[in-house]
Every structure is written in structure tokens, then in C-alpha cells.
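Visitor: Next come the chains, spelled out residue by residue.
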Amino acid sequence: MATEEEAGGLVFHPMDQFVIKPLFGDGAVNWYTPTNATLWMALAALAITGLLVFGTRGRAIVPNRLQSIAELLYGMVRKMVEDVTGKDGLKYFPYVMTLFCFILFANFLALLPKSFSPTSHIAVTAVLALLVFVGVTVLGFVKNGAHFLGLFWVSSAPLALRPVLAVIELISYFVRPVSHSIRLAGNIMAGHAVIKVFAAFAAIAAIAPVSVVAITAMYGLEVLVALIQAYVFTILTCVYLKDALHPAH
Amino acid sequence: MISLLQQTAPAVVENTETVVSTESAEAAGHGADAAHAVAGAADAAHAAAGHAASAPGMPQLDFTTFGNQIFWLLVVLAVIYWVLSRIALPRIGGVISDRQGAITGDLMAAEEFKHKAKEAEAAYDKALADARAEANKIVAANKAEIQKELNAAIAHADAEIGARAAESEKRIGEIRASAVEDARSVARDVTAALVESFGGKSDQNLVNEAVDQRLKGALQ
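As they're listed, the protein sequences go chains A and B.
Residue 1 is where the first sequence starts when you use my numbering, and the numbers rise one by one after that.
Residue 1 is where the second sequence starts when you use my numbering, and the numbers rise one by one after that.
Please note that a few of the clues may not be correct.
As the list claims (entries may be wrong) - Example chain A residues on the side facing chain B (calculated, C-beta under 8 Å, incomplete):
| # | residue |
| --- | --- |
| 1 | THR49 |
| 2 | TYR74 |
| 3 | VAL124 |
| 4 | ALA185 |
To be verified - Covered, in the sense of this in silico footprint (three residues per stretch, anywhere, with C-beta under 8 Å from a C-beta of chain A), are these stretches of chain B:
| # | stretch |
| --- | --- |
| 5 | 68-74 |
| 6 | 85-92 |
| 7 | 98-112 |
Hints were generated in silico from the structure; no laboratory data involved.
No residue lacks a Cβ here, since even glycine has one placed at the ideal position from N, Cα and C.
Bound-form chain B, shown alone (with noise of 0.2 Å):
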């Protein structure tokens, strides 16, 4: 409505005025009331021209615009949408999936070595026990050598002490034997030079029974 205002209003003004001046070309003598009248017209045209010229409306409704504005946003959706679906998307696409391949994959390469980490740890202990188990064998062999040689040193000292104490025993006994014998012939004598003494005739056998009575239980 407006844009057809706009073109129209200048081509009435126009016409206006090529027949203002025909007109008063041509009748200047019909007087000053039709050249009033005319250029009355003329005014109002002019006013209707600058109104639509100025109007406050919407260039947005302004259908003499369309046909141009609806061929370059079909010219450009159809250059935006060859780009995005030829070269953008499938470049991102491209991108987004080789991204989350290349994830997926570190993620599997860090569990298989987290796996293979298990793995020596385990054989690392394996080995440190048996390693333990053997140094354990090892020092219970040692200990078991050691004891053997300590108990046929301690044995053999055990009967060399023996023997040295049975020995030193019979010497004892020996010494003892002869003072035991020592003592009774000299109380043999002693009791044979008493009975003298006191003139008593010693007989030897008797003496010898009496003495032995006496030192029974005192020997020994």
C-alpha cells in the first residue's frame, strides 16, 4: 500500500504539474479562479508525495523488495548449505569421530598396560617369595649343618669329659683304697704296740679281726 503511495505519488505530481503549466500555457485567459483551482491541486499533490515519501512505515512491507531479497537468501542458503554438507560437516564429523577413536583407543592401550603392570608385579613377587623361600631353605640347611657339627662336638666333648671323670674317679678311689689301707695297718700297728704295751701278747690275727670290727662303717 505504502511502497505503491511511493511510486505513484511522484508521477501525480508530475502530471500536476505538466498541467499546471499546459493549462496556463493554453488558458490564460479564463481568469485567476481556474489557475487558483490548479495550483490548489497541485499543493495537495505535493503534500500527498511528501507524506508517502516520509511515512513511517515498515520498509520490512515493502513488497518491491521481495523478489530481491528472497533470490539472495536462496542464493546464499544454497551456498551455505553446499559448503556445510560438502566440506564443514563432514570435516567436523571427521574430526569428532577420529577424536573419539583416538580416545577409545588410549583407553585401551592404558588398560593393556595397566594390565601389563599387574602382570610384572605379580611375576616381581613371584620371584621376591621365591626368592625369600629359597634364602629360607638356604638357612635352614646352614642351621641344620651347624647343629649336626655342634652336636658331634658337643657329644664328643660330653664323653671326653666322661672319660676324664672316670678316670680322675679311679685315682680318687685309688687314693682313697691305699689311705684306707694305710690307715688300718697303721692302727693294726698302733693296736698291736698298745696291747704290747699294756703286756699283753699281740696275736696277729686277733688284732687284725678286732681292728677291721672297729673301722667298719668309719671307712668307707
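Only chain A is shown next, with the shape it has when bound in the complex (with noise of 0.2 Å):
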């Protein structure tokens, strides 16, 4: 605290949104308190409960707004996943739309003023990967059994390069959910962080309206973000999966 107090009189405290803290009373935290990231991750469970049932319970031919943006979400993932891993991967369609939605309505939620965004948080964001990953792996395995290793086998390139080209594939295979769960995080967490530290300068009454101007433009980019990042999560995950359904190269 002793350095941020040096900065003029502003208090930087971009991270202190992040902190995990129980819903009720100062306890300590268990695993199985209920804490602000359980609030928030119900909430977006709700949200998506809201939306893709309550908006759709008309069943309507013509649909009304919500009906519309549910169908919306429903067609993009879909055909998300029937372009990428083709139609044996639409098996596979709730599970990937699970984690659309989770991401992106949590991450949209994440911006509410005063909200906790729990997918800036690695443990959750790595969950998500390596549930993707080991459920691809998993799967690679048991649909194509030991020719899920000619993933790593380059059977196109030279065959003095196999080899060398193996170790990479193997390499970069397992950075997967590596990057995966980073990216998310990262970007979700260095956003809110930013928008924390213009906020900060608001303090002063001349840097004020320049802060706010600032704070505008990083929402703006933020719900790019929110929305973008959700969309990468999933395609990325469509990937590994026709990887795993399709592991020829």
C-alpha cells in the first residue's frame, strides 16, 4: 500500500475486483462456500436458463425478440460446430454450446458495474480447457484408437522431418489448453484491470472527464471482448474436437 499511496494521493487498486470473497460473513473460504464467483456463475447460469428457455417457451413460428436471439446463438454454435468437426461432431453440440454460453454470459455479466467476472480467474478458465482437452484426448483415443496418434504424424512431409515434425505436434498439442485457458483469462482480466486504473484517475477532478472518455472506449472494446473471446473459446474447442474425430492430417 506504501507505494500506492506515493502516487499522488490515487489509490490503484485494479486487482481488488478480482478477490474471492464469501457471499455471507468474513469466513474463510472452503471449497464449497458460497462466494461472490458462486453468485456471479449462478447468475449467468440463470441468465442463459432465461433466455434460451423462458425466451423461447412461446415455441413460436414467428419468433418474438428474445425467441429470435436465442435462435441466434442456437444457429451460430450449431453451425459452428457442423462447419468445423462436419455432422458427426453435432453429437457434441450441447457440451460445446454449454461452454459458449457459460463464457459468454458470464463474461457480459462480468461487465455489469459491481459484478465479479469469474472468467477472468485461471482456475475456472483452466477447468474449462482441460476439460476440453481431456474430453478430446479421451475421445481421440477411444473413436480412433491408436491412429489418434497419426495426429502428431505428419504423414504428408518428408520422412526425415516426421520425426522433428512429431515432437512439435506433441509440443504444441499439449500447450493447447495451456493458451487456451490463458487467453481467456487474460484478456477478461487485463480489460477489467484497465478500466480499474482509468476509474482510479477519476480522482482527479482535471483528469476526470478524459478518464471517463477513457473508460467508455475500453467498455465498448470489453463487450468486443466479452463476446470475442467467447467465440474463440468455442471455435477453438470445435477444432480440437475434429481433431479428435478427424485425426488425419
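Dock chain one against chain two, each of which comes alone in its own frame, and use the hints as you go.
Guide: Right, here's the structure in full:
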């Protein structure tokens, strides 16, 4: 705190928004404690249910607004799964849709003032990425057996290069969950922290208008990032799934 | 690491404080040096604790909260997956395929209606053509009948005109013949009178012959 107070009376706590606190009382955070992370993940689930279940309750041939949005999301993710993985990937569409909806709604809800962003936590994104990684790897071996290893054996390359490429492919394969998870958490965390820093500058009256404009601009960018990161995470999931279903290069 | 510090720092401070109190109580006679050293240690511990508590570290790396987050994340994911796969996605998929079906059905119905409209139009055209042909036929028949009647009337009129013309001609011929005869008898009478006035003796036959001779070509 000493270093922060030195900065001309400004107080920067850009990371405090990410602190996980129990919802009730000040006790320790055990694995079962309902925390602010729990609350905002639950709100995401609630919002998803609201849009995709409540919004489509009319089952109308001519959809109303909510139903059109729900159908838009459904059509977008389904088309993505079908385009990237092919027809046989549609079996896993509900899971991909779950990932997409969760990340999208967590990201968007995190943009509300005073909210908490679960997807800014590496614990959350790492679990999401590992679920995909482990799931895809297991699926690849179950579906293709040892043939799945052909993913690392680039048969179109010259024979001498193949072992080298295999090592590179293997490394890149295992780096996937890392990049997959850090990309999401890093983007969300960075954006929110930057907004917080700009907000702290608003304490100086002369800089406040600039700060407000900067926050507005960052907010717009973050809205974009929220959607794009959800999309990127989902499409990478589809790509990995394609590798598991069709390991041939 | 940081979280570890956070946890241990207060404990360290606590320990140091108890040590300070007990030691200062017990070893009051040890002199100012020892007490000073202990106080210095306590200060250092306090500083360490303060630094750990306010460290600008990332809450993301606080591993004590990982279990909590992962547990709730899995719960939420399971709930979302259940809701989506059991309720939302089948419903939306059903709505979309229903709509697709409705659109296809409507398109087919529209195609059928179009076909029917075309058939009706063809039937209408055919009826119209038939009616027109019928009308033409009737017109032609009427025309032929009228023509026939007209021809008959014209022929009748022609015949009447011919008869009347012939009759008139005959009467004109008669008139002319009687005129010629009158002229001849007058000429004969005049000739006979002339011959007698000249002192000749009029021979009726000679006179007749001479008059006929002169009149030939003049009359007719």
C-alpha cells in the first residue's frame, strides 16, 4: 500500500475486483462456501436459462425478440460445430453450446458495475480448457484407437522431417489447454484491470473527463472482447474436437 | 506463495507478540538490550505481515480459492448442460425444424395454388376460344343464310326486271312496227297521189314496190 499512496494521493486497486469473498460473513473460503464467484456463475446460469428456456416458451413459428436471440445463438454455435467438425460432431453440440453460453454470459455479466468476472480467474478457465483437452484426447483414442497418434505423425512431410514434426506437434498439442485457458482469463482480467486503473484516475478533477471517455472506450472494447473471447474459445474447442474425430492431417 | 505469506504472517505476528509479552515479563532483569532486540523482531514481523496483506498480487493465483471455484464451476456447468440438453436445445431445434417444415409446406401449397391458377387460366382461355369459335360459326351461318336469301331476292328481282324489260321491248317493237306500217301506207298514199297529180296512172303494185324500195334502209 505504501507504493500506491505515493502516487499523488491516487489509490489503485485494479486487482481487488477479482478477490474472491464469501457471500455471507467473513469466514474462510472453503470449497463449498458460496462466494461472489458462485453468485455470478449462478447468475450466468440463470440468464442462460432465462434466454434459452423462458425466451423460447412460446415456441412461435414467427419468433419474438428473445426467441430470435436464442435461435441466433443456437444457429451460430450449431453451424460452427457442423462446419468445423462435420456432421458427426453434432453429437457434442450441447456441450459446446454449454461452454459458449457460460463464457458469453459470464463475460457479459462481468461488465455490469460492481460485478465479479468468473472467467477472469485462471482456475475457472483452466478447468474449462482441461475439460476440453482431456475430453478430446479421450474421445480421440476411444474413436480412433492408436490411429489417433497419426495426428502427430505428419504423413505428408518428408520422412526425415517427421520425427522432428512429431515432437513439435506433441508440444503444441500439450500447450493447447494452456493457451486456451490463459487467452480467455488474460483478456478478461486485463480489460477489467485497465478500466479500474482509468477509474482511479477519475479522482483527479482535471483528468476525470478524459478518464470517463477512456472508460467508455474501454468498455466498448470489452463488450467486443467478451463476445470474441467466447467465440474464440468455442471455435478452438470445435477445432480440437475435429482433431479427435478426424485425426488425419 | 503470496497466499502462503498471507496465511503465515498474522501467525508470526501473534507468536512474536506472545513471545514479547512472556519474555518481557519473565526476563525483566535481562536489561534493555534483549527487550530492544525483541521489539525489533516484532516490528519486522509486523512489516512483513503488512506487506503480505496488501501485496498487489493477483487474486487469480490465490490457490486457496481454487477448490471453491472449481467446485462451483462444475456445479454451474452441470446445471447449464442439463438445462440446455434437456430443455432448451431440443425445444429450439424443434421450433426451427417446425418453421422449416412450415415454410416448405407453405411453399409447396403456393406451388400447388399456382398450378391450379394456371389450370384455371388455361380452362378459361379454352372456354373463351370455344365461345369465340361458336360465335364465329353462328355469324358465318347467319351470313350464309342471309346471302342465300339475298341471292334469291336478287334473282327474283332480276327475273322480274328481265320480264318487264322484254315486255316493254315487245311493246316498243309493236309501236315501231305500227309506225313503220303507218309510214309506209302514208308514203304509198302520197306517192299514188303524186303520180296521179302528175297525170300518170297509178299502178298500186308498182307504187308499193317503189315505196318499199326507197324505204328499205330508211326504216328499220
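Visitor: All hints, please: hold or fail.
Guide: Evaluated hints:
Look at A:THR49: its Cβ gets to within about 5 Å of chain B, closer than 8 Å, so that hint holds up. The interface hint given for A:TYR74 is met, as the beta carbon of that residue sits about 5 Å from the closest beta carbon of chain B, less than 8 Å. Checking A:VAL124 against chain B by beta carbon gives a least distance of about 5 Å; that is within 8 Å, so the hint holds. Annotation: interface hint on A:ALA185 holds; nearest CB of chain B at approximately 7 Å, less than 8 Å.
Using a Cβ-Cβ cut-off of 8 Å, 7 residues of the stretch 68-74 of chain B lie near chain A, which meets the minimum of three, so the contact claim holds. With 6 residues bearing a CB less than 8 Å from a CB of chain A, the stretch 85-92 of chain B meets the requirement of three and the coverage assertion stands. Look at the stretch 98-112 of chain B against chain A: 3 of its residues bring a Cβ nearer than 8 Å to a Cβ of that chain, three or more, so the hint holds.
Violated hints for the displayed structure: none, as all numbered hints are satisfied.
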